[in-house]
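**Student:** For reference, the chains in residue letters:
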Amino acid sequence: MALSREFWQGFRDATPFILVIIPFGAVFGVVATEAGLNLAQVMGFSVLVIAGAAQFVAVQMMVENAPVLIVLAAALAVNLRMAMYSASLAPHLGKISWWKRGAVSYFMVDQAYAAAILKYENTPDMRPAQKMAYYFGVVTPICPLWYLATWGGAVLGTAIPAGLPIDFAVPITFLALIVPMLRSAAHVVAALVSIIGVLVFAFLPFNLGLLVAAALAMMAGAEVERRMRARDAS
Amino acid sequence: MTMTTAQIWTIIVGLGLGSYLLRLSFLGIIGNRDLPEWVLRHLRYTAVAVMPGMITPMILFPQATGGTLDGVRLAAAVATIAISFWTKNATLTIFGGAAVLFALHFTLG
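Protein chains in written order, with the numbering used here: chain A, 1 to 234; chain B, 1001 to 1109.
Hints listed in this document are in silico derivations from the structure and should not be mistaken for laboratory results.
It is possible that some hints are incorrect.
Stated by the list, open to error - Over 10 Å on every C-beta distance to chain A, these chain B residues come out as not near it, computed from the model:
{"#": "1", "residue": "1008"}
{"#": "2", "residue": "1066"}
{"#": "3", "residue": "1068"}
{"#": "4", "residue": "1107"}
As the list claims (entries may be wrong) - Just so you have them, the derived chain A footprint on chain B, three or more residues with Cβ under 8 Å:
{"#": "5", "segment": "1022-1029"}
{"#": "6", "segment": "1043-1051"}
{"#": "7", "segment": "1079-1090"}
Claimed, not checked - Under 8 Å between C-beta atoms, here's a sample of chain B residues computed to sit facing chain A:
{"#": "8", "residue": "1013"}
{"#": "9", "residue": "1032"}
{"#": "10", "residue": "1057"}
{"#": "11", "residue": "1069"}
{"#": "12", "residue": "1073"}
{"#": "13", "residue": "1093"}
{"#": "14", "residue": "1101"}
The structure displayed is predicted, hence computed values, not measured ones.
Just so it is clear, CB atoms sit at the ideal spot from N, CA and C, and this is done for glycine as well.
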């Protein structure tokens, strides 16, 4: 089966993410190795969990010798946003076969979700098979490089120069994804509620403030949209 | 770290399995059923509801600077937003934002 146009479009759209995946995978490899994990365990994290933020939280708490259940709860709370992504992708990818949805789920990382949802909303006439091809195109350069960069960091160790502001590659990548999503007043309101909400609820443990802020922001966006439609209809 | 090998693998496998189930949740359950309009209306705002909140603390309180506001990072964030508005191109935005970040880091930092 030849790979479709949509696949290569996704592949191309994902190439700038390499800039963030490689330093982050490498830093995780270094940090996890320095924490005392062996190569199999470090790779176990990046291959089985495949979610940078949650992996960092877990390793950090393991270093502090937190109880196993607490480590799991805290790291899973960081990944609760994935359930929101899953719901958001369901109207687009729910019609493909169950095993393909299983594969989509495994590769559901922030960049894949954001790039895919932006594409689906800008191109509403895509068929489910084309949407899936685009999604797998996006994850193809991202996920294998995540494993490879983790491995590199674990094996090569601290060859990465300290002091460089590479932590900031993450917000830069997400800003590049978020700004084009601000297409309507409703989207802008949702984004503002998200920002204010996360600051207001910063006191909540386990990153739960983000979930509260996100829920409020979704309600705010939906409500503004409903009112704008009601106004247009009247 | 004083964890046993079994404890470490329990965390890795448990976190992997739990994360997978979170990712599969709605995609697996809903499948090809149609959702009511009010649910879809909320879901349309998922990305703009999660991502700005996720990066706000990274921009304002970076862990790398011990959680204090950092002029270089803040300026790079503002520049990235400006480049994105102007160019409407993700690749240019990411490389442009990274260029501003490193330029400021080596001149001011």
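**Student:** Of the hints stated earlier, which fail here?
**Tutor:** 1 and 11
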